[in-house]
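Enquirer: So the protein lines, in turn, are chains A and B.
Each residue of the first sequence is one higher than the last, beginning at 538 in our numbering.
Each residue of the second sequence is one higher than the last, beginning at 923 in our numbering.
FYI, nobody ran anything at the bench for these hints, they're computed from the structure.
Check before you lean on any hint, since a few could be wrong.
Mimicking DSSO-like on lysine-lysine, the simulated pairs with C-alpha atoms at most 30 angstroms apart in a straight line are [as the list claims (entries may be wrong)]:
| id | chain 1 | residue 1 | chain 2 | residue 2 |
| --- | --- | --- | --- | --- |
| 1 | A | Lys649 | B | Lys955 |
| 2 | B | Lys977 | B | Lys992 |
| 3 | B | Lys963 | B | Lys977 |
| 4 | B | Lys955 | A | Lys801 |
| 5 | A | Lys649 | B | Lys958 |
| 6 | A | Lys627 | B | Lys955 |
| 7 | A | Lys731 | A | Lys649 |
| 8 | A | Lys649 | B | Lys963 |
| 9 | A | Lys801 | B | Lys958 |
| 10 | B | Lys1009 | A | Lys632 |
| 11 | B | Lys958 | B | Lys977 |
| 12 | A | Lys632 | B | Lys955 |
| 13 | B | Lys1009 | A | Lys627 |
| 14 | A | Lys649 | A | Lys804 |
| 15 | B | Lys992 | B | Lys1004 |
| 16 | B | Lys1009 | B | Lys992 |
| 17 | A | Lys632 | A | Lys731 |
Covered stretches of chain A (chain B as the covering partner; in silico rule of three or more C-beta atoms under 8 angstroms from a C-beta of chain B) [as the list claims (entries may be wrong)]:
| id | stretch |
| --- | --- |
| 18 | 623-629 |
| 19 | 652-661 |
Just a sample of chain A residues kept apart from chain B, beta carbon distances all over 12 angstroms, derived [unchecked claim]:
| id | residue |
| --- | --- |
| 20 | Ala554 |
| 21 | Gln634 |
| 22 | Leu678 |
| 23 | Ile690 |
| 24 | Phe733 |
| 25 | Lys804 |
Glycine included, C-beta positions come from ideal geometry on N, C-alpha and C.
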Amino acid sequence: MTKKERKKAIIIFSIIALVFMIGSIIAGGGSGEEESVQVVMRDAVLHDVNKVSLFGIKDVNPALISGFIVSGIMIIFALICRLFVIPRFKLVPGKFQLVLETVVGMFSNMAKENSHINRFLGAYIFAAGSYIFTGTLFELLGVQAITTNGNAISLPAPLADINGAIMMGCLSYLVIMSGGIIGNGIKGIGKTLKDFSLPISMSFRLFGALLSGALVTELVYYFSSMSYGVPVIVGVLFTLLHALIQAYVLTMLTSLFYGEVSEKVVKPPKEKKKRRKKRVTVVKETA
Amino acid sequence: MTGLPLNIDWQQILLHLFNFTILFGALYILLYKPVKNFMDKREAHYADMDSRAEKALADAESSKASYEEKERNLDEEIRERKSSLTKEIDAERERRLEAARGEAEKIISNARGEADREKKEIIESAQKEITEMVTDAMEKLTLEQSASDAFDQFLDAAEEASK
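Isolated chain B (complex conformation) (with noise of 0.2 angstroms):
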């Protein structure tokens, strides 16, 4: 083995091979595997991170085109319910005015008839005084007639008399 060129020894590359075998194993082990592991597991997390960013992204899009749609139906919408509930209100107001008429009528009609009732009591009741009173005044008259001929009677008589 000495007579190699350079002083190249077989053993000692091969106690250099040893020593470098056993550095490779123990690097590998102790550090590259660890801070590979290290390195891929955050690579994955900020991977994850980002896929989740993007999905939210996207669901935040469809959300905002959804509430774009629906805000540009919203218009559409509001005129078309105010339209309804205007008829609806025009219904409603038509509907309580025909009531009050109704009602208005009805009460009308039984004042009328209540006034009829008492114009007619009032009218009986008068013709009744009145007739009373005719009486009355009837039965005075034809009493005071007869006293006051009599009178009329003796100062005719009287007048004629003086003449």
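If we strip away everything but chain A, and leave its shape as in the complex, we get (with noise of 0.2 angstroms):
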């Protein structure tokens, strides 16, 4: 491309990007916006002013809807790659093979790091990595959904809604007691329970962490003298550094309690000895 065929192609671009925004300033004033901005940011918490049936059955907050898509999504991509990637491996793999690898072993890496039992804790936090960091992605999609008021809604990431991030919160405990279970017996549930806040903590800082860029995305959205150039960073660029941040703290969250707990204690030589070995010495010295 010459400087004058990309000067030309800057122009257009530039040209098509405002008639957009003159004509969505223009159109925005009238029917566009029905809530407010405190009716959408309390939805985007609360989630209740805005329900998706499932299939007929329950209204359903969005984001499980968006669990379910992102599951599907996921699944069908293990399935692609299970019949025609992992066939075709080679021992110098190319770059698709790499990325996997490089994922899988990451993973699998921080299983061992962390724990002695580490192969059911690697496929787990794989699976909550992956689930998590697909799944705040999937908010840029903006994939739609109709709400059982009529309204249509953009779907949030999954674990924006605070009853996935509870789940995920929860099984992660679960886990780490069964890490705990697995590796002291009845002691580990213990050792677990000592740490009975870190469900909840666990729970709320990924929900949280989630929430608050869906706000701000939520927010800049809103405002359509916004939505020009500052979706870019907001919307692209913090969805997914947090997106990559939530994964690895919640991954190494879990393996790092699961190795604490499956830890095998060693029991400490009894008191009462080492004070007798002690008296004994000092009688030893004085006489």
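Could you fit the two chains together into a complex? Lean on the hints.
Expert: Written out as structure tokens, the structure is:
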């Protein structure tokens, strides 16, 4: 592409963007914003206004639908990989093989580094990390759903819903507890119960982090004047960043606590014997 | 169930759990396990290659050491073999010289015997010839002497008569 062609392309692109901006400003004032920003924010936190019908059985939060869609996408992706990519794996990996191996290897090594019982832990943090990452990026797609009120909404990240975050936090806590049981039996349960605040902190950390991202994005999109240029940073970069950070934080915390509770307790030698020995040595020295 | 704060709904939590459980199972079976197995197999393959290479290296090192040891001993061995061969060659040369000397002496003694014999034969034949010649000469001389004596007597008588 020559310099002239590049200039031409930039000018055309700018004109198109400008036309869309002017159009949206003109159109935006009249019909689009039925809800106030307070209502939108409140609904993003509580999901009490906009519900989506789950096959007509129950009205659920839109994040649950997001969860199903994300799971479906991930399962189809995994199936395609299993059928067409993994059988063609080579000793010297290609680009895609390298990506898959890096992701699996990263979680597997994280589990190995933190616990000696790591087979299940590796698989769990792989699934959890992939789900959090993909789920968070899912909100970028802006998949539309119709609420029970008849409004069209953009589906949020599955874990931006308190119910999804509680599920992930509590399940991670149960996985940590299972590590304690495998490593130390009943004592392992005791060790895990000492950190009783863990499920709450894990759940709400995840919920808070994802929700804050969603709220900022929601706020930015709410005002049409901010819908140009700003979403590139707020929408894409923030989402990408907190997708990575939250996936890393939850998997790291889970594997750390799992390693801690599954570590075998070594009984310290009894105090009495030590004291007796000390006494004997003191007596000898004085004699 | 609606009384909980933040719109927490146990049914939805369980639905999320159900969703994630299925995802976990699918990801484990379809992606994590096969990729991990492949990586473990490759690791084992390279570990095996590494151990084989190390073994081959150790073998090569021991071979090198043994060859160096052999090389060190080679000069000594060559010297020993050389001296033993020299000794053998000397002995063989001596043996052959002795044999040649014996042969030469034999040849010389035979030649001497032959020469003596021939000399004897020559002498004998010469003596015989001489004898025969002397005999013939004596015979001739005898005959010639008687004739010449008569002639001389005649000549002497003739001279005396002339005087």
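Enquirer: Give a verdict on every hint.
Expert: Taking the hints in turn, this is what the structure says about them:
1. Lys649/A to Lys955/B: Judged against 30 angstroms, a Cα distance of about 15 angstroms means the pair holds.
2. Lys977/B to Lys992/B: 22 angstroms, holds
3. Lys963/B to Lys977/B: Distance ~21 angstroms between Lys963/B and Lys977/B Cα, so the pair holds.
4. Lys955/B to Lys801/A: Holds, at about 27 angstroms.
5. Lys649/A to Lys958/B: Roughly 13 angstroms separates the two Cα atoms, so the pair holds.
6. Lys627/A to Lys955/B: Answer holds: Lys627/A to Lys955/B is near 16 angstroms, not above 30 angstroms.
7. Lys731/A to Lys649/A: The hint holds at about 24 angstroms.
8. Lys649/A to Lys963/B: 17 angstroms, holds
9. Lys801/A to Lys958/B: Roughly 26 angstroms between the alpha carbons, so the hint for Lys801/A and Lys958/B holds.
10. Lys1009/B to Lys632/A: 75 angstroms, violated
11. Lys958/B to Lys977/B: Holds, at about 28 angstroms.
12. Lys632/A to Lys955/B: 20 angstroms, holds
13. Lys1009/B to Lys627/A: 68 angstroms, violated
14. Lys649/A to Lys804/A: Holds - the C-alpha atoms of Lys804/A and Lys649/A are around 24 angstroms apart, at most 30 angstroms.
15. Lys992/B to Lys1004/B: Roughly 17 angstroms separates the two Cα atoms, so the pair holds.
16. Lys1009/B to Lys992/B: Within the cut-off at roughly 25 angstroms; holds.
17. Lys632/A to Lys731/A: Given pair Lys632/A, Lys731/A is violated - Cα atoms ~45 angstroms apart, limit 30 angstroms.
18. 623-629: Three-residue rule met by the stretch 623-629 of chain A, so holds; n is 3.
19. 652-661: With 3 residues in contact (Cβ-Cβ under 8 angstroms with chain B), the coverage given for the stretch 652-661 of chain A holds.
20. Ala554: The assertion about Ala554/A holds, with a minimum of 38 angstroms to chain B.
21. Gln634: Gln634/A not clear of chain B: closest Cβ-Cβ about 9 angstroms, inside 12 angstroms.
22. Leu678: Holds, because the least Cβ-Cβ distance between Leu678/A and chain B comes to about 18 angstroms, which exceeds 12 angstroms.
23. Ile690: The assertion about Ile690/A holds, with a minimum of 16 angstroms to chain B.
24. Phe733: At about 18 angstroms from chain B, Phe733/A clears the 12 angstroms cut-off, so the statement holds.
25. Lys804: Answer for Lys804/A: holds, closest chain B Cβ roughly 35 angstroms.
Hint check: violations occur at hints 10, 13, 17 and 21; the rest are consistent with the structure.
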